[in-house]
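Residue numbers (the working numbering), protein chains in the order written: chain A, 1 to 191; chain B, 1001 to 1123; chain C, 2001 to 2498.
Derived by calculation from the structure, the hints in this document are not laboratory data.
The reader is advised that the hints may include incorrect statements.
Distance windows between CB atoms, simulated [said to hold, decoys possible]: (1) B/G1082 to C/L2044: 38 to 48 Å; (2) A/F13 to B/L1025: 24 to 34 Å; (3) A/V98 to C/A2436: 29 to 39 Å; (4) B/G1091 to C/F2187: 56 to 66 Å; (5) A/F108 to B/Q1011: 37 to 47 Å; (6) A/P8 to B/A1015: 50 to 60 Å; (7) B/G1082 to A/G20: 44 to 54 Å; (8) A/N30 to C/R2021: 31 to 41 Å.
With a cut-off of at most 25 Å between alpha-carbon atoms, the simulated BS3-like pairs for lysine-lysine come out as follows [unchecked claim]: (9) C/K2114 to B/K1116; (10) C/K2495 to C/K2449; (11) C/K2114 to C/K2045; (12) C/K2050 to B/K1116; (13) C/K2382 to C/K2449; (14) B/K1059 to C/K2045; (15) C/K2383 to C/K2495; (16) B/K1116 to C/K2449; (17) C/K2046 to C/K2114; (18) B/K1059 to C/K2114; (19) B/K1088 to B/K1032; (20) B/K1116 to C/K2046; (21) C/K2383 to B/K1121; (22) B/K1121 to C/K2046; (23) B/K1059 to C/K2173.
Every residue, glycine too, gets a C-beta built ideally from N, C-alpha and C.
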Amino acid sequence: MELTFIKPFMFYFFASLTTGSALMVVIIRNPLYSAAMLVLTFFSLAGIYVLLNSEIIAVLQVFVYAGAIMVLVTFVIMLLNLRSGALINKPTHIIRSVVAVIFSFLLFICLISIFVSGNQVENAPKGVITAAAIESEGSFQLFSRALFSEYLLPFELVSLLLTVAVIGVVVLIRGISGAEENKQAKKGQGR
Amino acid sequence: MFHSFGPILMQLVLAIGFAGAIVALTAIIGPKKINPVKMDSYECGVDPFADARGAFHVKFFLVAVLFILFDVEAIFVIPWAGSFLAFKKAGLGLFIYLEMAFFMAILLAGYYYILKKGALKWE
Amino acid sequence: MTEIMTDTISTNLQTIISTMRLGLLAPHLIVSMGGILLMLVSLLKKAAFKINAFLAIVVLGIASVCALNTGSDPQTGFNGMIKSDMFSNVFIWIYCATGIFTVLISHKYMERRKINVPEYYSLLLFAVSGLMFMTSASDLMILFVGLEILSVSLFVMAGIDIHDLRSTEAGLKYFLMSVFASAFLLFGIAFVYGATGSTEYSAIKDFALSNSFGRSPYLYAGVLLVLGGMAFKISAVPFHMWTPDVYQGAPLPVTAFLSTAPKIASFGFLFKFMAQFQNVQPYPDLLEDIVISLAVLSMIVGNLLALNQEDLKRMLAYSSITHMGYVMTAFASRSDTAISAALFYFAAYIFMNIGIFAVIAVISENNDKNLTLENFRGMAQKKPAMAFLFMIFLFSLAGIPPLIGFAAKFFVFSAVIQSGLYGLAVIGILNSAVSAYYYLRVVINMYLKAPEQDSGFDLNAIKYGMAEMLAITSCIAAIIILGLQPTSLIHFFEKIAL
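Same shape as in the complex, but just chain A:
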């Protein structure tokens, strides 16, 4: 059963869902609702990945972002103990926002001018991972093979990155957890 004809519709559905929910993340004032909207953004992104024939990325997206990262985001919101609207009422610097708007606009102009100007070369997908390859071997196998053969070194480096992050977390929370370290903190205040 070929359902390719609904693919464009699916794409527009997921794309508008992603953009809309991402917009809501910014607009909604209650941080917890924003977080919930972020989950929706991640899910609809996963939908787009599926449409692009890369199921493995979609699964990882749901696992890591919609699952783990969102737990962290919620924890941070809880940690900060924000009453609703606590952050919103702070006055924003007008000059800063003007500068920010100007530079974002410049960046936008730059990117747009690049895409508009010049006769474009053919923008067909390039590289080894083509639609045909995915069709014959499956995106999961292609992904794993690339990860463990060509991209072996970055893969191993990721373990270093994670270890650095582990050390970092323990170092930054050192004074707040653990009784022995608490004493040191008190000494530090007494000096």
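Guided by the hints, dock chains B and C onto chain A, whose structure is given.
For chains B and C alone, coordinates are given in the frame of chain A:
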């Protein structure tokens, strides 16, 4: 490839539809007679006395971050497990085994470190 | 189907294994394994901080010796992901030197402030390994992971003084800005991959040469975004906002490291990456204009903001923006002489910046957070030796001959003139003249003004530590010797081709 997602889509539509329908139906056909006694806590319940949004201890955060880090690590194991046989058939079983062993060794060093530091101890 | 696949895996991996050449990564692996070792050593109850300081110096020393071994002719490893040549070796030496200097000036400072967390040195080693991967990379994936290893270590190092709000603020600010920059960079890498189908520099080069850069909007946009992401790390104007706060808040030795090595690594990557598009005809105008305007803005805005800064660390932060603007002019001129001039500038910048921060670390016994220019009044009377050393560093930063700062600026601007960018060179020279004002202001305060009473800042309390003095004297020696005899070093750099 695409058609194999039919069941998942179906499931998704059914789940959202069912949940949405139930919520909508209760709102529409459920009786709405509100009185003070009804809205009160149950007999043996405790009256709410504070905002549910209290500050959490930072330890929760520590655990959450460590969870994410090891979750990301686990993500790398899934494709490894999935492609192990293919590599083995190509006569490179030892190679891919060592790859993951090296990856794990570094992370286990980190794990040993947090255990010894007592980051997971709950006082 | 599976048959085909196992065949391709087999052939793929055979070539990858045969081209792995782990030897090329010897310095990187030594430093990163050293980081793990130090992490485990820091579990010791006693003296871990001292042991780690010693081990860190040993590890960095061994790594820099190992870089000698890899040889000077370019070699690629890991299926073209790593390219080791004289260029990357020079950077490895620069990072190792910076790391060793940082350890030397850290030890007493951190103990005094009771932030003697032994993991600090472990993080420093990880940061150095990230730097090494950044400049040895010839694939954008390695670059990105290296950059992240570096950044994560730096957030923690900047915020390591958890009982000081400023330090925490510095850590958080650096984190947010870095993440933002990484997002830019990753967006750019995705565009580049989409356009060329590869993240490898040589494949990107082939694509750019065969398709003419400007005609592929995705590649163009990708390169632009990569440039923007790196401009954050370099803190080029208009991506400089985080610099003063982070410099001011982070512990001094961390500031010394932060203001040198990561910026140099970012430039190292940019030189290596943009060299791929050297022969593209016609060279995209917009890209050239953007690099030139980054250079001009960094020089002018950095200087203007530094002019009426009262806080010493903030002034140095703005002046570092200006210095990176000078290097950006060399980057804009896209010639081999400019690359060797930039390498010379990096070497000079390391000695000047680490040296000046070492002096400040010694001077600021207890209150480095609010070290204003007024605090230096009459320092020459109270501590003549220290004031003299401080003056040499300031003169060198201002570019006064015969110190190394002058030679570095001379090489950079002559390279800029050689490639025909006269306007840029004039702006650079004018700015360098203007910058002398705020450096000399400190010198005037030290030598010509009477000491201030009850400034809350006791210059007599300065104590000299052995390690700090070693760092300061070797920086001074390098500044004077290389300032008088720059030719041998620049000749060495001139032989390096990309």
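Here is what the structure says about each hint:
1. B/G1082 to C/L2044: 38 to 48 Å: holds (41 Å)
2. A/F13 to B/L1025: 24 to 34 Å: holds (25 Å)
3. A/V98 to C/A2436: 29 to 39 Å: holds (33 Å)
4. B/G1091 to C/F2187: 56 to 66 Å: Roughly 40 Å apart at Cβ, these two residues miss the hinted range, so it is violated.
5. A/F108 to B/Q1011: 37 to 47 Å: holds (40 Å)
6. A/P8 to B/A1015: 50 to 60 Å: violated (24 Å)
7. B/G1082 to A/G20: 44 to 54 Å: violated (34 Å)
8. A/N30 to C/R2021: 31 to 41 Å: violated (55 Å)
9. C/K2114 to B/K1116: holds (22 Å)
10. C/K2495 to C/K2449: Between C/K2495 and C/K2449 the Cα gap is close to 48 Å, so the pair fails against 25 Å, i.e. violated.
11. C/K2114 to C/K2045: holds (16 Å)
12. C/K2050 to B/K1116: holds (20 Å)
13. C/K2382 to C/K2449: Given pair C/K2382, C/K2449 holds - Cα atoms ~12 Å apart, limit 25 Å.
14. B/K1059 to C/K2045: holds (22 Å)
15. C/K2383 to C/K2495: Since the Cα atoms of C/K2383 and C/K2495 sit roughly 43 Å apart, the hinted pair is violated (cutoff 25 Å).
16. B/K1116 to C/K2449: violated (55 Å)
17. C/K2046 to C/K2114: holds (15 Å)
18. B/K1059 to C/K2114: holds (23 Å)
19. B/K1088 to B/K1032: Answer violated: B/K1088 to B/K1032 is near 65 Å, above 25 Å.
20. B/K1116 to C/K2046: Answer holds: B/K1116 to C/K2046 is near 15 Å, not above 25 Å.
21. C/K2383 to B/K1121: violated (50 Å)
22. B/K1121 to C/K2046: holds (21 Å)
23. B/K1059 to C/K2173: Given that 25 Å is the threshold and the Cα spacing comes to 23 Å, the pair holds.
Hint violations for this structure: numbers 4, 6, 7, 8, 10, 15, 16, 19 and 21, all remaining hints satisfied.
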